[in-house]
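Two independent chains are provided; combine them into the complex using the hints.
Taken in sequence, the protein lines are chains A and B.
For the numbering used here, count along the first sequence from 1 and bump the result up by 79.
For the numbering used here, count along the second sequence from 1 and bump the result up by 22.
Bear in mind the hints are in silico, worked out from the structure with no lab data behind them.
Take these hints with a grain of salt, some might be off.
[Claimed, not checked] Simulated crosslink set (DSSO-like; lysine-lysine; CA at most 30 Å straight-line):
no.: 1; chain 1: A; residue 1: Lys203; chain 2: B; residue 2: Lys62
no.: 2; chain 1: B; residue 1: Lys135; chain 2: A; residue 2: Lys248
no.: 3; chain 1: A; residue 1: Lys248; chain 2: B; residue 2: Lys141
no.: 4; chain 1: B; residue 1: Lys45; chain 2: A; residue 2: Lys206
no.: 5; chain 1: A; residue 1: Lys203; chain 2: B; residue 2: Lys45
no.: 6; chain 1: A; residue 1: Lys372; chain 2: B; residue 2: Lys62
[As the list claims (entries may be wrong)] Far from chain A by the CB rule (all over 10 Å, computed), these chain B residues:
no.: 7; residue: Pro41
no.: 8; residue: Asn104
no.: 9; residue: Leu179
no.: 10; residue: Tyr199
no.: 11; residue: Arg202
no.: 12; residue: Leu207
Idealized CB from N, CA, C, for every residue including glycine.
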Amino acid sequence: MRTLEEVRSRIKALEAMPTVPAIVQPLISTLKTAPEEVNVEKVVELVSYDSTIAAQCLRMANSPLFGRQNTETVRSAILALGLKRIEAILLGCCLNTMVPSGQWALEAVTFWRHSLGCALVSCKLAKLIGYPDPEKAYLAGLLHDLGILVNTLVCSEEYRRYIQIARDKHVALEQSEAEHLGFTHCQSGKLLAEHWKFSADLVAVIEFHHTPAAAPVALPLVSLVHLSDLLCRLRDLGHGYYEAMGVDLAGDTAWAVLVEHYPALARMDLARLTMDIDGAMEEITATVDAVFKTGSSATA
Amino acid sequence: MQMSAAKAVATVGDNLKDPAYLKIRDMIYQVSGIYQPEEKLYLLASRCTRRMSAVKVNTPAEYLEHLTVRGNRENELRLLLNEITIGETYMFRSPPQLEALRNVILPQIRAAKSALGFKRLHLWSAGCSTGEEPYTLAMFLLEEGQKLLAGWTFDILATDLNDNSLTAARAGIYGDYALRSTSELLRRKYFKPCDEKRLQATEQLKSVIRFERVNLNDDSKMTFLKGLDLIFCCNVLIYFDLASKRKVMQHFYSNLLPGGYLFLGHAESLYQVDDRFHLVHFPGTIGYWKPPVGYAGGIKR
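The shape of chain B in the complex, shown without the other chains (with noise of 0.2 Å):
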């Protein structure tokens, strides 16, 4: 029998001091790089009421040693992990990003590489699933083109490890969760009818992207990406050991052009998996730098 939400929020609130949650939040940061903050922990608590429920025990330190000893420990985890990043893919998810790459990154970004005589863009989708987030800098790129990047070309890589979610992606065939952001403008622009529920992406706004299928595990595939202004792999690397973690940085790092950025799910952390990338904020949101030869410090703007 499933509980009802407001029986469950309660339930969650009674034992939120518990403090095999702190455990919990702990051991997924050191696992995975996801951070919870403490006044956020009753939505870590909510994720794992679920999964409680789901694998039958009652307390938070049960679930705990499900996480920690058990035999299937690791795909317990994965599944918190699941829980914990669902509903994260919609178009527009992430608001800061986007305004920090028109007022400060893409400015930076054109004025290097128009010194040096360039004038195209490359991104990189890693890990971009269902293709929310290539559509969203697809459109987001196309409406920049008009100002900031007048007489500039770009292209967008899309990759993915799963051929489903790769299918879903080429098709852009979306409802209204994941164009719950999307304003009414670029709706009517970008997309046109489908069914009577869903829209599909135009094809203009396909023919900006490239969908591939890469495993980021695969070094002679990594290798071979060069060029990279920007990066965006939003909880992938969740699910990554740290050895993989580390050679996937290692990879990313060289794939970017100095004065290049990555940017990683809004709760997710590099700490102690690289020191190369220079951790840059930006309002609202944290970017991960490469900076170019000879870079002294100093705030940009």
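Chain A extracted, bound-state conformation (with noise of 0.2 Å):
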């Protein structure tokens, strides 16, 4: 078992590691200023830096998922998709190249179907209810497992093992990390989100996504982020494992939350939503695939 100072240490030392793409940082900087300040020549020109992540980006931004934009720069991917939107998928990017193809504990397309799936239903979600921010979101949604990255680069070969019980038991992956590691994706993501200064409500969702009503700031985001990766998880989108659990959302203490704060919540089609998560599937599969796949062998 391991502490919680240790992944502490480790973090500090991870900037010096190899595969930390040198444009995290800024990136992770102009993540938290409004679109209307960020130059736009100044993300293309970061992006040009590292041309794995500009290719993976562009694949992303060209997939079906998000409507064939057939860009073949990332100035025009910008101007198709938004600077928020790009900026997520090149962040998402770069993380990516952060685990060694075969360090991985969780399968690499798993991650990020799971983290993908919860960025579009968080923002889907975040549109139908009324969050002002439905991008932000989004973000929060793709970061909100940030841990299982920070868990999987400190003890790959351990966390595989527990990730396995979590499988084998059927039960969630952060009771599996609370038994056997000491703490959870949620305390080491929130470490390594302090670390790099990530804005206060999306540490939030990355400490509190399993008990939200714990989180000290940002209370709707953390919620909705909340019910997205329950929805997900109950989806197919999941951690790729079976988990026994029934949930009741709407009964759920994030939703009245979020009720509280967006009344149209209570009004919204259920099931609808979680029908066309179903029909969202293979599509997030497909864009899955092609980007990671192939982008995780090419960085290995």
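Put into structure tokens, the structure is as follows:
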């Protein structure tokens, strides 16, 4: 068993890892900036430093999931999908290159199917209920499981065993982590998010997406991602195994919190949203396969 | 003349973007509760294509007229719904539903009922058609009986309005299509050869199911049914108008014991039909739950 202190010191050393792309830090700071204040040329220039990431980003932007933009440059991708979406895609691609291809504890495609699924569901749910910043919801959904990457980097072998235990027992990943690892991906993810100076609401999502009622800030965003995460795990966009659970989403405390802020949720057709997620599943899978399967071997 | 399959697909693909398909989708959802996500619109389109050639129209917009303003629109809608739900009955059609029963629901019901000293399960397949669903449940429970439900007994009520369907269900004779997802092991255990191409359910399998003719609109009969743990009602309510749907749902709610579940067809939704049932998500499937008294919400594992 490891301690969070060990994880903390490993995280400080992460920056020195050759696999952490140099553009991560500048990207995180532009993500915190309001879109109208971001210099598009600056982002384009940043991306041009890393051809692997630029290529992955374009594959993602051109996937059917995002309406086949047929863009050939990062600049035109930004015009087609919007700066915030491209930055989120870029950050995802950066994070992907951090884990050497043989070291993934949860398969890379499983992790990205879940993360991308959660991003899309969070964004869709945000739009349905009138949450004012759907792109923020997208980013939060994409990054909520950052701690799984941290655990993978810090203790790949051990972590693989504990994921297997969760798989065998059909229980949630965080339950196995808490029992065997001594901490969860929520705690380790928070350490990296703070170290990288993510905005406070993103840090809260990463730390509290399994216990939304405890979030000190950004309660609606954390609740929204919590529900989207559950929905994904219940519709075959989870962590790649059967979790034995029945969830009354409308009976969840996170639901009550969101309804308080966004009354439209109370009238939302949940069954229809669920079937829409099923409908999008093939495209999510195809996109992740196209971007990350080839992506991980290219960077190996 | 019949169009070749390839030609039909090409035609559908060409005009999939026709907004009339979205209108037809929305209308079907509003009227029947059956929903097709946008990515699966090609399925709806191919079903519409068959009806379009039957009523001899060329465009989805013209067909939409047949469904909305023509004199025989109700009949046409019924025929389209038949096309949409066709081929939905075969045994073991919904593994996620059975997994939810095995991993979540039965352990839950077993715990709740054991605490009260009960050791019997009551299931109802409402609108059982030719019997694929109740036979699936019977095989599943007979198999689980040796593990999860050791020491328990169960009964399955299977009802339909259609006498011909009930006769076929009672006979329990099935061909390859109905048995396509039934394992060789279960086929050998619960079926015997009937003729060259078909198998017949054994007496043991039949003995756990009671087939009866029930009209879900018959209030006196519906009020009489009590104490159920699970109701399965797949693609039946889609043919009912909103008022009848609401009435049937009220009956189902009182037919069920607290903690019981209702399952519908995989694309069916109860949105704006009923607000007493709680929509519960299980991996890959959804069920409608009658919560016990004093329920305060949360995740059930």
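Check your understanding: Which of the numbered hints are not met once you compare them with the structure shown?
Key -> Going through the list in order, the structure violates no hint and respects every one.
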